[in-house]
Amino acid sequence: MASRQVGQVSNSNRIKKNLVSDSVLSKEMKYALLKKEKQSTKETKRKNLSSKRGRESTFWKNVKSITPNIYWTRIETYGTPGIPDLLGVYIDKSLKKNISFWCELKLTKFNKLDLSPFQIAWNIKRYSLCQDNFIMAKGVEERKIFFWPGAVARELVINYKDVEPLFTVDQPWTHVLEPAIGRVLVHVP
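Under this note's numbering, the residue at position 166 of the sequence shown is numbered 1035, and the numbers go up by one with no gaps.
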């Protein structure tokens, strides 16, 4: 009878160990599944962001490559909403001075620009204070680049075709975009 009790005790110990290892295993499995789920959620968000920004980032790369006399700093911040995408410094060799300015990059979508309320507010306020911020949009349908002062941000959200740009550059814009930006910057008060 004593050996029977010893056998039952050792069996119950094994069962307890198996239950403990099963619970640990299930915790590990739960952790692995949660980790995998989070990773797939991140990948989905990344895909959504890349498809949303994909063409705008291509536009940025094109602008950077065809404006060698503008020193660009790309700003991607989620901490301060409304700040434009780019801070540029135009190096004017004829006046021998540098001109700093802000620039929001956008792609046209139907007849509108997709500016957030924060971007609209920032552009309008900044332009009223300094007149050194602009919105540059690539007209996807027209194959043009449009350049507006930041003061008209609100109107661009409604219908950009109703707002007169400071300049428009037709494709190919390789040798004409930078001089056009320079002319605007030099003549801004």
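What the hints contain is simulated information worked out from the structure, not anything from laboratory work.
These figures come from a predicted structure and were not determined experimentally.
Heads up, a few of these hints could be off.
PhoX-like cross-link-like pairs, simulated, lysine-lysine; straight-line CA separation at most 25 Å [stated by the list, open to error]:
id	residue 1	residue 2
1	K978	K1013
2	K1030	K1013
3	K965	K1013
4	K933	K965
5	K930	K962
6	K933	K966
7	K1030	K994
8	K1030	K978
9	K994	K981
10	K930	K978
11	K1030	K962
12	K1030	K966
13	K962	K933
14	K933	K978
Ranges between beta-carbon positions, derived for each pair [to be verified]:
id	residue 1	residue 2	range
15	G948	E897	24 to 30 Å
16	K966	D1031	30 to 36 Å
17	E897	E1024	55 to 61 Å
18	N1028	E897	34 to 40 Å
19	E945	V1026	17 to 23 Å
Ideal Cβ positions, reconstructed from N, Cα and C, are used throughout, including at glycine.
Each hint, compared with the structure:
no. : hint                      : in the structure
1   : K978 to K1013             : 13 Å, holds
2   : K1030 to K1013            : 12 Å, holds
3   : K965 to K1013             : 30 Å, violated
4   : K933 to K965              : 22 Å, holds
5   : K930 to K962              : 24 Å, holds
6   : K933 to K966              : 20 Å, holds
7   : K1030 to K994             : 23 Å, holds
8   : K1030 to K978             : 11 Å, holds
9   : K994 to K981              : 21 Å, holds
10  : K930 to K978              : 20 Å, holds
11  : K1030 to K962             : 34 Å, violated
12  : K1030 to K966             : 34 Å, violated
13  : K962 to K933              : 19 Å, holds
14  : K933 to K978              : 22 Å, holds
15  : G948 to E897: 24 to 30 Å  : 36 Å, violated
16  : K966 to D1031: 30 to 36 Å : 35 Å, holds
17  : E897 to E1024: 55 to 61 Å : 57 Å, holds
18  : N1028 to E897: 34 to 40 Å : 57 Å, violated
19  : E945 to V1026: 17 to 23 Å : 21 Å, holds
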